[in-house]
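Q: Protein chains in written order, with the numbering used here: chain V, 1 to 269; chain Z, 1001 to 1316; chain S, 2001 to 2287.
In case anyone wonders, no lab produced these hints; they're calculated from the structure. Worth double-checking, as some hints may not be accurate.
Claimed, not checked - Pairs of lysine-lysine, DSSO-like flavour, derived with a Cα cap of 27 Å:
hint	chain 1	residue 1	chain 2	residue 2
1	Z	K1127	Z	K1053
2	S	K2145	Z	K1053
3	S	K2019	Z	K1127
4	V	K171	Z	K1127
5	Z	K1127	S	K2018
What follows is each chain in one-letter form.
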Amino acid sequence: MLLDIDNLSLTITTNGLSHQILDQVSLSVDAGEVVGLVGESGSGKSTTARAVLRLYPETAAVDGSITVGGTEVLSASRDELHRVRSSEAAMIHQDPRAALNPLRRIGDSLTERLVHVLGVSRADAAAAGLELLAAVGIRQPEERMRQYPHELSGGMLQRVVIAAALTGQPKLLLADEATSALDVTTQAEVLAILRDLQTQRGLGVLLITHDLHLAAAYCHRVYVMYRGQIVEELRGNDLFHGAQHEYTRRLLSAVPAIGHLPNSESRAS
Amino acid sequence: MIRAATRIAGMILTLVVSSFVIFAAMYAAPGDPVTFLIGNPENMTPERVAEVKAQYNLDQPLIVQYGLWASQAFVGNLGTSFQYHQPVAELMATRLPATLALVAMASVLFIVAGVGLGILSALRQGKRTDSTITAATTLAASVPSFVIGLLLVSIFSVQLGWFPVSGAGEGFLDRLHHLALPAVALAVGAVAIVSRVTRQSMVEQLSMDHVEAARSFGLAPAKLIRRHVLRNAWGPILTMVALVVASMLAGTVVVESVFGISGVGKLLVDAINTHDFPVVQAVLLYMVITYMVVTTLVDLIHPLLDPRIKAKDKKS
Amino acid sequence: MSSLSTSTLASTPVIGRKKRDVAYLLSLGFLIVVVAAALLAPWVAPYAANAVDFTAIWQAPGAAHLLGTDQVGQDLFSRLIHGARESLLGPLALLALATVFGVTIGTVAAWNGGWIDVLLARITDVMFAFPGLLFVVLVIAVFGKGPATAIVALALAYAPVIAKFTRSLALAEMARPYVDAYRVQGVGGFFLCVRYIIPNLTPPLLGYLVVLFGEGLMSLATLSFLGFGAQPPSSEWGLMVQEGQSGIIQGHIWPTLVPGAAIAAVVVAVNVVGVRLSDRLNSRFER
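I would like the entire structure built from these sequences, with the hints used as guidance.
A: In structure tokens form, the structure reads like this:
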């Protein structure tokens, strides 16, 4: 398994009050597999994904195990964690505009991981960046590299973010609502690019979304999350008729039925 | 460009109005301007009256008087001091170096200490270090600078004998030695303001998505702070630093009095006490101008730090 | 001139609630004691403010003189208590004056808009062009030194600041539906302002004024230290520091330290109370 989460529990204490955010979460993603994680907002999807890179407050109490490519993340040494973050797994954030430093040029953000984390020379990093920009379907990549985020459209920026995520040649992508901030057409384009990259490179993808149609059409397997727990695991194709759990059914019934195509006009929330 | 032009035009307009206020203030004084400008009735000799009338063109209408005064000031002729019988510009020129050196030293101190403590505070947000820094700097800012100055003199000059009691010193090292305590006294209050703004601005940036994104791909903490947090937090910090420096240029009066430094501030206090109005006007004018020039400059530099403002500017 | 704006230091979110409560109560208690001592000065002070005693000059704190004596043997504790009156009344008077002007101008500017509003904006612009206390220095240069000039000059400097603050509050208040409801019924603007709008502005304004009080106290003390404010034989705290200055070189720190610490302590206490007060009043105000 590329990613293996086993009985992960996470509790955050603020002002003396404890909130259990995750309760015995177990899931796995294999290489070349697209796995969906669906649920309403606040169900713990994002926290799960972030925990994979050990991105949670220092004050959080965490229990269980997360392994990425065989490395135990929760107890990883600094070097191990650094390796996981820089070249094993990469996160794609929801809002590309927020995920890129507005004061830095696209090229700078794109190659930051290569230059400042992996120690690649600027020239090599720029070449790799240009290649990746082309791979995510951005035209005139040289010019884009010199521009600032506010000069690009949201769809373009998300492609940049995806390209940036791939600079470390990770095996696992954590896509946290990676397309929900985009309009429908752009969303379809970006998803198509993501799919191409995934198959070409044999990536494992954990796709977090609240869009059930998207999850059903796009993912091999789907986990349904509710109040910090995984309540059901289904094959993507079975999401709409195979649901056993009461919550999944309620969630599905809240979606206007337009068929099972990745039609994103209907959102679960 | 348009933004810069309107900003500069605004500065000039405010400058004209404030210089007019400085000039016309003598008309607000009780009695006629001649009596006011001469001050001590014992000096009321015909020659003196003539001198005053000539210097201020008192026979002309007010607006003409102002025009003549302002145009003279513009070319560096700030009139003659009644007290020293010396051109005011010369007086100022001999006093400026001490004041500028003092402000420069104080600025280095408060910028290093303020920004440093602010960064530390932000990185230790919510912890003991953070609240200690906030409490200590706020407390220090509540002590008037003249009290701080006198305490410093008492401890480091009188008791320990490490620093001279007064004066500005000659030559570079001697000047550093003389101005060390005054610079500290001047800087202490500013540290609280700058550290607070730094902390605030950094805390804001720390919560940004792109900071977490950079952390998620393993950027080392020091680089993360430098490239993503500090780089983006500079705007408000720079503005506040400039504002403080600008008001320091006009705010050395107290510290110069405490430490007996013959700077521009001391000149102002002495001029008020000896009723030397040309000097008062000139010093106030200098202080208002430096303040406005510095603040305007920062406004103009600010967009260079943030490409987004530049873009907005181009569109407008 | 300390151009430090203590109002930018307001609100301390870092410190825990409990500690803040303790600090607030301590500060409040301290201020009550100071005010009481000022009011009861002739009865509380062990000596008269200007009781000279050449047999006991420059004494360190001790049984006979609680906080020591100055260069002519005046009891510092007694001078401090007597001086508290002027030191506290000064900022109070200046704030009262500035508030009357500021609130009136601010409300009128918000209500009428038009040329009054434009004029206010220009006046504040020019005021802000005079950094720190420079405007006050100009007024003193023209009208001469003395506590009254210092207070009026500072009031003139603070009025536009208060007016600007009031204006923004009043604009927000006027946007609330009840104002239109009354206007539709034909209720006059003046009545509405005095009866509803200004009273509703009071809570947030009060918190701001308390913080300004600390600033005013520092400014007035600074002016007195420079010799522009209170004049001898007053024992206003800033003036006390100035008079104590001569002893420093000879190693006598008490005549400076005592009034200096008093200024700092009161300013800190006022700020703590002010921040707490505006937090509380604002939360009630915003409901």
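Q: Going straight from one Cα to the other, do K1127 of chain Z and K2018 of chain S come out at no more than 27 Å?
A: 15 Å, holds
Q: Is it true that the CA of K2019 of chain S sits at most 27 Å from the CA of K1127 of chain Z?
A: 14 Å, holds
Q: CA of K1127 of chain Z to CA of K1053 of chain Z, is that 27 Å or under?
A: 66 Å, violated
Q: Mind checking the alpha carbons of K2145 of chain S and K1053 of chain Z for me, to see if they're no more than 27 Å apart?
A: Measuring from Cα to Cα gives roughly 25 Å; hence the hint holds.
Q: Straight-line Cα separation of K171 of chain V and K1127 of chain Z no greater than 27 Å?
A: 38 Å, violated
Going through the hint list in order, the structure does not satisfy hints 1 and 4.
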